[in-house]
Amino acid sequence: MTVKLRRIYAIFKARNLEFLRDRASLSWNLILPVALIFGLSFTFSNDRDSYTVGVLQSDTKIETAVHPFLETHYINFVAYDDIDIAMQKIARHQLDLLVKFGDTPKYWINPESSKAYFVEIALLQSELPTVNIIEKQQIEGVSVRYADWLLPGILGMNMMFSCLFGVGYVVVRYRKNGFLKRLRATPLTSFEFIAAQVASRMVLILLISTFIYTGTHFILDTRMEGSYFTLFLIAVVGAISLISLGLVVSARVTSEELAGGLLNLINWPMMMLSGVWFTLEGAPETVRTAASIFPLTHILNSARSVMLDGATLGDVAPSLLALIVMSIVFLAIGARIFRWEQY
Amino acid sequence: MNSCNCCVAPLALAGDDTIRYPYSMTIALEARNILKHYPGVRAVDGVSFSVPEGICFGLLGPNGAGKTTTVEIIEGVTPATSGEVLYYGEIAGSKFRQEAGIQFQNTALQDFITVRETIEMFRTLYDRQADFDELLERCSLRDLLDRDNRKLSGGQRQRLLLAVALVNRPRLIFLDEPTTGLDPQARRNFWDLLQDIRAGGSTILLTTHYMDEAEVLCDEIAIIDAGKIIAQDSPAALLQKQYDGLIIELPISDLTNNLSGIEHTVLDNLGIIEVVTTDVAESLKALTPHVSNLNQIKIRQPNLEDLFLDLTGHSLRA
Chain A
1 MTVKLRRIYA
11 IFKARNLEFL
21 RDRASLSWNL
31 ILPVALIFGL
41 SFTFSNDRDS
51 YTVGVLQSDT
61 KIETAVHPFL
71 ETHYINFVAY
81 DDIDIAMQKI
91 ARHQLDLLVK
101 FGDTPKYWIN
111 PESSKAYFVE
121 IALLQSELPT
131 VNIIEKQQIE
141 GVSVRYADWL
151 LPGILGMNMM
161 FSCLFGVGYV
171 VVRYRKNGFL
181 KRLRATPLTS
191 FEFIAAQVAS
201 RMVLILLIST
211 FIYTGTHFIL
221 DTRMEGSYFT
231 LFLIAVVGAI
241 SLISLGLVVS
251 ARVTSEELAG
261 GLLNLINWPM
271 MMLSGVWFTL
281 EGAPETVRTA
291 ASIFPLTHIL
301 NSARSVMLDG
311 ATLGDVAPSL
321 LALIVMSIVF
331 LAIGARIFRW
341 EQY
Chain V
344 MNSCNCCVAP
354 LALAGDDTIR
364 YPYSMTIALE
374 ARNILKHYPG
384 VRAVDGVSFS
394 VPEGICFGLL
404 GPNGAGKTTT
414 VEIIEGVTPA
424 TSGEVLYYGE
434 IAGSKFRQEA
444 GIQFQNTALQ
454 DFITVRETIE
464 MFRTLYDRQA
474 DFDELLERCS
484 LRDLLDRDNR
494 KLSGGQRQRL
504 LLAVALVNRP
514 RLIFLDEPTT
524 GLDPQARRNF
534 WDLLQDIRAG
544 GSTILLTTHY
554 MDEAEVLCDE
564 IAIIDAGKII
574 AQDSPAALLQ
584 KQYDGLIIEL
594 PISDLTNNLS
604 GIEHTVLDNL
614 GIIEVVTTDV
624 AESLKALTPH
634 VSNLNQIKIR
644 QPNLEDLFLD
654 LTGHSLRA
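For the protein sequence lines, the chains are A and V, in the order given. Per my numbering, the first sequence starts with residue 1, numbered consecutively. Per my numbering, the second sequence starts with residue 344, numbered consecutively.
Just to be clear, a hint being listed does not mean it is correct.
[Stated by the list, open to error] For lysine-lysine, the following PhoX-like pairs were computed, each having C-alpha atoms within a straight-line distance of at most 25 Å:
id	chain 1	residue 1	chain 2	residue 2
1	A	136	A	100
2	V	438	A	4
3	V	571	V	584
4	A	106	A	61
5	A	13	V	584
6	V	628	V	641
7	V	584	V	494
8	A	13	A	176
9	A	176	V	494
Hints were generated in silico from the structure; no laboratory data involved. Here the structure is a predicted model, which means the values were calculated and not measured.
With these hints in hand, go ahead and build the complete structure from the sequences.
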């Protein structure tokens, strides 16, 4: 069977029209993310309400016996082995203080941060006998607002829902109501059908994401440190990986209820563990490792590092690679187990 | 018995008693020993037949007889347990996909898409494309072009599905119960349309459980029951083989005593008895003493409905 672009385009076009004319779904796709960003960024505009201190050490587990400061209540201690990353967090007000114990104890704070002021007092209090030995260094930088941090999360989450449900659910519906069977009776190949679905959803979700990003960026003046090209690339590769995942789920399922259940089984852990709403720093290593199997984790990590920290294409290459590998695996599985018919 | 392996082309007598052209020597479609087993069920149990080019071939049977499964296996949308399908002598493949037009029994179309867009989309999927205007004219869809698929009536929808089946100027057309659910007027219009399509030289494979439809449209029929073909020929030949004469029909309630000595069939569910006869006058004379009221007696030609009842013992719409 030869692949015909003409056939892919015919299915692509009809699917786009079907989506764009379904006003109710379309407005839901646009309104929900915007409402979430505005609602949440105003609700949580007061920033985090706990204190977070970075501990510079190679080990990921923090031993409280090392220093009495590490026993301080109401402070969340997170281990960092990369000083550059930790210092960037101080600059962005995402960490209140960074401390290193050992032979040459040292700490870093951002003088602009009010929380840093209190955490510093706590440190110096606990440091009484060695108060003069510990070295202090200041790092300057403007705070990252929750809105800045949340925007990539919401865009990613919207993309996840749109790709998984917009492809997975729709393919199952087509199969159940016999539309797939009708297409099967034409010269259209399964590859052409799948390609059209991927292309249609990708174009639509990129347009929607661009629309949401632009609106939010102009109204809330969100931070963009890196290049738009890199961000766009992350969005494209990320969307393909999520759509492919949706296709795997929908490759055989014939009931919308089952498809909905399976999709939620993927959606919810992904939404919770990929860092849409809160950062996983400080979460147990096992949780963070588990989260790295989700495409969304890689999408959000790389998008945030581009938007907030100005990461370059080279910096996010490992995440992009992970997403590409996932896409290939999902597409291969999806194409292999895909079925047109209902039984 | 079976005239399907048409090396010698028979003359087909159609239901309207006109003599049609002899069948083509070319076999458009051949099904060979098709089997479809589901756990515990033999849905299709060794069905074989061939369809000469240019005829309308009817596959008849009650609901659940295996008609749709058979046809969907031939169409390539349902995998068979075993058996093969030949299209112009070759295993049905990509040529078949390009040249066959299919109308399924139930097909959902995309929501929010208009009639025009639906036809255009399906048309683009084929290398050989029907003329758009001709298609509209033929299926009377011109006034509905910009209507959303969801807003079509039953008859309009059937016409659109037929148009979709014709977008590639098919050489072979499958129609699976195309008139089920249509009102009598819409059914008649659909028949005219099919006659017109056949006149264009296409081969048609039609499944139906309407006997009148098969009698009007089909050159040859195969009656399928419990997954097997139980009779196959032209409608007229089948009737001729089964019935020698006419049928006299009268209500059971009009009988004064039992009809001993007269061969008859009792159809309890219809409340009538039937007597097949070659000599109507003689039979009426014999019946008269047993009947209280002669006004309700009907004398008619046997039809496929009778044939089916006699062959399978149950009604086609059972």
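Could you check the structure against the hints above and give me the numbers of any it violates, in ascending order? Of the numbered hints given earlier, those the structure breaks are 5, 7, listed in rising order.
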